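Peer 1: Fit chains H, A, X, C and W to the known structure of chain Y by using the hints.
Each chain is listed here by its residues.
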Amino acid sequence: MGELIKNGIRVDGRKPDELRRIKIEAGVLYRADGSCYLEWGGNKILAAVYGPREALPRHIQDPTKALVNARYNMASFSVQERKRPGPDRRSTEISKVTSEALEAVIFTELFPRTTIDINIEVLDAEAGTRCAGITAAAVALADAGIPMRDIPVACAAGKVDGVVVLDLTREEDQGGEADLPIAIAPRSEEILLLQMDGHLTYKEFEEAIELAIKGAKQVSKLQKEALMRKYKKVE
Amino acid sequence: MGELIKNGIRVDGRKPDELRRIKIEAGVLYRADGSCYLEWGGNKILAAVYGPREALPRHIQDPTKALVNARYNMASFSVQERKRPGPDRRSTEISKVTSEALEAVIFTELFPRTTIDINIEVLDAEAGTRCAGITAAAVALADAGIPMRDIPVACAAGKVDGVVVLDLTREEDQGGEADLPIAIAPRSEEILLLQMDGHLTYKEFEEAIELAIKGAKQVSKLQKEALMRKYKKVE
Amino acid sequence: MGELIKNGIRVDGRKPDELRRIKIEAGVLYRADGSCYLEWGGNKILAAVYGPREALPRHIQDPTKALVNARYNMASFSVQERKRPGPDRRSTEISKVTSEALEAVIFTELFPRTTIDINIEVLDAEAGTRCAGITAAAVALADAGIPMRDIPVACAAGKVDGVVVLDLTREEDQGGEADLPIAIAPRSEEILLLQMDGHLTYKEFEEAIELAIKGAKQVSKLQKEALMRKYKKVE
Amino acid sequence: MDMFGKISAVKKDYLLGLAKEGKRVDGRGFDEYREITIERNVIKNAEGSAKVKIGNTMVMAGIKLEIGEPYPDSPEEGTMTTSVELPPLASPEFEPGPPTPDAIEIARVIDRGIRESEYIHLDKLVVEPGEKVWIVFIDIHVLDYDGNLFDAGSLAASAALQNAIIPNERHELGDNAPLPVGKPPISCTFVKFGDSIVVDPNLDEEQVAEARFTVALDENGDIRATQKGLAGSFTLDEIKNNINRARIHAKNIRKLLEE
Amino acid sequence: MDMFGKISAVKKDYLLGLAKEGKRVDGRGFDEYREITIERNVIKNAEGSAKVKIGNTMVMAGIKLEIGEPYPDSPEEGTMTTSVELPPLASPEFEPGPPTPDAIEIARVIDRGIRESEYIHLDKLVVEPGEKVWIVFIDIHVLDYDGNLFDAGSLAASAALQNAIIPNERHELGDNAPLPVGKPPISCTFVKFGDSIVVDPNLDEEQVAEARFTVALDENGDIRATQKGLAGSFTLDEIKNNINRARIHAKNIRKLLEE
Amino acid sequence: MDMFGKISAVKKDYLLGLAKEGKRVDGRGFDEYREITIERNVIKNAEGSAKVKIGNTMVMAGIKLEIGEPYPDSPEEGTMTTSVELPPLASPEFEPGPPTPDAIEIARVIDRGIRESEYIHLDKLVVEPGEKVWIVFIDIHVLDYDGNLFDAGSLAASAALQNAIIPNERHELGDNAPLPVGKPPISCTFVKFGDSIVVDPNLDEEQVAEARFTVALDENGDIRATQKGLAGSFTLDEIKNNINRARIHAKNIRKLLEE
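Residue numbers (my numbering), protein chains in the order written: chain Y, 2 to 236; chain H, 2 to 236; chain A, 2 to 236; chain X, 7 to 265; chain C, 7 to 265; chain W, 7 to 265.
Same shape as in the complex, but just chain Y (with noise of 0.2 angstroms):
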């Protein structure tokens, strides 16, 4: 404690308010309907979107909507432990919260009978992969001409030897008190995604809710400059 901020800097000499560097690329695979490739501090995540198509086996459609399924994964070599492939836990609920994010902005009741399959992958992590992934997913939608109400984004905050900090590092993700990622509509402002764990007073949560929005809001305007990039290469 008392070791990752100094002077009001972190460790990798941030500010408390500073997000890591992010790059976003859209449009980035050849088979996808949609997909994107983005850098997030030590993170390098690949999204794809497949569909809207038909749902199979049948008796999993929804006649009155598109099912979301999104699928978030680490490759094995992601991680300094090596992963053994396949969902565990901790995959199992992010990709459930993941998908009902995203689903809270997509037109499903366009697309009865249909699943939308997004696939996030994590070729390298360094804390913050659901956010980073969230993000990525949601640029991939859009890539893949899915109708959304907004494109959502995610980031995390946190509190870091007593202080409200923006989008944590691997240290301080485990020497800290607490994370909190969040996913957001950015135009309403709505919360899609809210998970917490550590500890915070009333106080400290409202400080550290606001901070994340104020972050998402940020990350927000890089979704849209790569979509906008890509449009324009295609143009």
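These are computed hints drawn from the structure, not numbers from a lab.
Just to be clear, a hint being listed does not mean it is correct.
[Said to hold, decoys possible] In silico DSS-like cross-links for lysine-lysine, where the CA-CA straight-line distance does not exceed 27 angstroms: (1) Y/K24 <-> Y/K225; (2) C/K246 <-> H/K215; (3) C/K246 <-> H/K97; (4) C/K138 <-> H/K84; (5) X/K257 <-> Y/K204; (6) A/K84 <-> C/K50; (7) X/K50 <-> X/K17; (8) X/K189 <-> X/K18; (9) H/K225 <-> H/K16; (10) Y/K204 <-> X/K138; (11) X/K50 <-> X/K138; (12) X/K138 <-> C/K138; (13) X/K261 <-> Y/K204; (14) Y/K97 <-> X/K17; (15) A/K204 <-> A/K215.
Predicted model, so just to flag it, every value in this text is computed and none were measured.
Peer 2: Using the frame of chain Y, we list chains H, A, X, C and W on its own:
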């Protein structure tokens, strides 16, 4: 040997032909179509019946009768060494012979293309759980209004210190010479389930199975009393 | 090195271009549509064919042809260290290349929407089981009356102590420099299966594959004799 | 992925209509829990156990302790693991098989509440430092499902841990001892449908819910874990409001645990 | 759950009709086994093996021994485990995949017969007391399925164990030695359809059977294991009668094993 | 079992027609690879990594090293294991779940090329003889699938191994060191449709292919592994011809690796 029965009295104070304390309550669950809570010595069992309902996927349907599908499951905390969740070979066998024993009395031909699902959860285990489970399941079936030609009931006999005894405890099961669980249709005394392992001469086998039938008929009375109490409550 | 061939004679007394003892019997099973028992050196193989029969579930059906589905399985007791039951990566690969090799000669277009299931059980293993399995499966297919443009046959060659040899034993497989199993349609000499691992110069490769073809054609005679004996018996 | 099967649009309209008049389908107020009962020490073979009912929802938690290895990065701490079983006994929608995403989410949220509030004193569960520690298995078995498994499961786990013992005798490590625990977290769950947000949803309400929010609070009312679920959203004000409502509920529920 | 797929009602009527006249579909008497053959030492890689045919049913048993740990509650005994494989080779109804309930039931009943008759002298299979013991794997592989796998599997297992060796040499523990065994159990199976009970059912009879009964007898004719199966019932007299019939059959089958 | 789903007969006719004129669907000659690019050291958490593109096909290989036990029959050698993931990200036909037969075949053929050419010096990966050795995990993750995963995966694995390190520091075994490797194998794949055999098939060509042939060559042009796939056949002359064509391609591809 020679330690489990002294002066004709068993380790828990019972006589050779005496049952453990049994408590049966019908209709204990809100969601299930029929249910039963049963305590039998140290065993605590909950049974629930769902159905008859459409068998799915359709290719498993039998156009001539209902499928009877009992599932015996031990809660992970029901035994001294924590049991890993999910079926093992022992519970798979018990589920199979339980399904068959119960199907034998159900008028399955009245409900073609359906399934009758019987769930037996062992919450606390102390020897004799399969008999306790069948006994509870039979009450749950009656509580669900499933038409049966009789209400099945189960009980075990065995051999301990050379003596044929009724309804073994855990010490008797482990230190004894044989265990013989049966299920019967009590009115006709037909045998619906019969397993046995250990060592019995033909004479001892005869003696044991007859003692088990006698025990089962006592338990049958408790089943009927439990169902009567339930009906009275409902009136 | 230099221990496996002495004076042109191999550890089991064979010459470099000599096959192990092979015994083939067609039509050995009661339930299967076609079957074959084959001993090849220390290998003991049983093959059974079922079909053509309706492919189920229906969504796997091919409306233009039969599916050919070979399953190579080693009995748990067929190897020195007990093998855990069920498919592993090796047997999955062998099943796949075996299916493809056999499909190449079957008139699959005659049986749309069906499956032809070929089961190969290795009961005792001593190097060369995949060639033995394909050879047995081909006889079982013929025994089942499946229309084929030729009866496939398999054989391996390899390199041991610098010498290209036919039909490796276990010691030669483990201590040798290369193993090259093939399957052919013997009349046309088309190559249906070809795998190889080890180290061969281009010259050696040519020599080995030609030796394997020569060996396979000898085995082909034994297959036909076995089928003849079966037909004679039936008459 | 969907716990509830097909949802009747009629039911949704009915509940939304009621909610506009400030009413719930079972007559409760928006900020009213169903009756909660806790029964402890119900399973002899478990090191600790509790049966919790919230209305018709019934959940059993059993605690087992085994000896195992610590995690390499915390060699002087015991470990804990939380699982939720949704057996077909408890609902016509539950099927046998490995844990569904629903079961995993519930287990992980309950686990975070217990872990982050440091309810179990893991540092006191060391047998041989770096070599052998106690593993605390928290197994939550749903017996009757009528909504709100997050709160029922969390409460059952807390109550079961409260009276659990360390089975030293079984491992020839001396006398059995109480499991060292601090103050339990209290979980409080809301669902939103239309413009209404109600606490302690029953099954009907879960079936029509658009969004769900769970918060685990410690004895000071501080926040130890939160989870938003389902394919709807909350505004920031709604989230803040939920937490303030939860702080009141948590005090009342905490009293039940301390009885 | 059903090994046999759809059962032809026509076949059932035909077999019931025959049975009323005291006849069976393959011409046997009610108390007549099909021809039984035993071939031993057929698998070089196995520590013991036997191929058993009962009529058209053919089963192979292979014995493998490995070194492992004893169970904590019997540190001075080797262990045994029995499995039955129903590979798609043996029947059009068998499918690849993990053991079905049918396969598990057969394996467990055979296992109980062997275990309860103390056929394998597990106390002589200790390598280092409390640390290392021999594990005896009894793997029963069905090759051709025409009914009565309980008896065919049990007989194959008994014959394979009879000639099995302890592979000491492979583990550098001295010379190979015969596996220490006593007297094998003999399994005898009946099925009931209508009022008739026949021994050694073939596939047709299994498909129409209402109830099945298996008993494993030791060399004195004492009972070591029984199993009633299928969704029908037996009267107590029928059970007693089955056992008395089995005691005669077992004597004859035992002679085959002792040849 | 089929990676490609339903194949359009129209597409097949079109490609066969083109082939008769010596043309391919994307304008290449029969003996022309698509553009190959190799990017190294792309994953910080991996001990080695490379991203390889062959045309639109994109594959990532990551190397991880862990300490484990040697195989009993080679106590003084490290071990290696190769896996291929076909995640649903890379193609609409790929589904989540355990490795398919396609993925297993690709992984095993790539593994044989690396193993048989002794690319990794396993004898230099011993930590404690007989007790602890390095396990080299070669994980190949397909990112975009437009045909020829055998060659793309093999090349990515070779490039990733080329720059991999032994993470001694993480295990307190001294300084990190380069993974000891020799000369990589080069994999070269052909498919046949009609009378034509083309190198480096794209997805369209794989979908109409009747037979596939892969050969892994060492730096001398010697043969280390071959694999024929699919339900068609090759003549002996075609096989020989393929190998001779491959020896030329391999030289060119090897240059890319040595840049």
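Peer 1: With a cut-off of 27 angstroms on the C-alpha distance, tell me whether X/K261 and Y/K204 pass.
Peer 2: Given pair X/K261, Y/K204 holds - Cα atoms ~25 angstroms apart, limit 27 angstroms.
Peer 1: Is A/K204 close enough to A/K215, meaning Cα to Cα at most 27 angstroms?
Peer 2: Between A/K204 and A/K215 the Cα gap is close to 17 angstroms, so the pair holds against 27 angstroms.
Peer 1: Would the hint linking Y/K24 and Y/K225 be met if the CA-CA limit is 27 angstroms?
Peer 2: 12 angstroms, holds
Peer 1: Holds or violated: X/K138 and C/K138, Cα atoms, limit 27 angstroms.
Peer 2: This hinted pair holds, its Cα atoms lying about 23 angstroms apart.
Peer 1: Keeping to a limit of 27 angstroms between CA atoms, is the pair of X/K50 and X/K17 held or broken?
Peer 2: 42 angstroms, violated
Peer 1: Do the alpha carbons of X/K50 and X/K138 lie within 27 angstroms of each other, as the hint requires?
Peer 2: 25 angstroms, holds
Peer 1: Regarding the pair X/K257 and Y/K204, is the alpha-carbon distance no greater than 27 angstroms?
Peer 2: Holds. X/K257 to Y/K204 sits at ~19 angstroms (cutoff 27 angstroms).
Peer 1: Mind checking the alpha carbons of Y/K204 and X/K138 for me, to see if they're no more than 27 angstroms apart?
Peer 2: 40 angstroms, violated
Peer 1: Take the C-alpha atoms of Y/K97 and X/K17, compute the straight-line distance between them, and say whether it is at most 27 angstroms.
Peer 2: 25 angstroms, holds
Peer 1: Tell me if the straight-line CA distance from H/K225 to H/K16 falls inside 27 angstroms.
Peer 2: Within the cut-off at roughly 25 angstroms; holds.
Peer 1: Regarding the pair C/K138 and H/K84, is the alpha-carbon distance no greater than 27 angstroms?
Peer 2: 24 angstroms, holds
Peer 1: Within 27 angstroms, alpha carbon to alpha carbon, are C/K246 and H/K97?
Peer 2: Given that 27 angstroms is the threshold and the Cα spacing comes to 24 angstroms, the pair holds.
Of the hints listed earlier, those the structure fails to meet are numbers 7, 8 and 10, in rising order.
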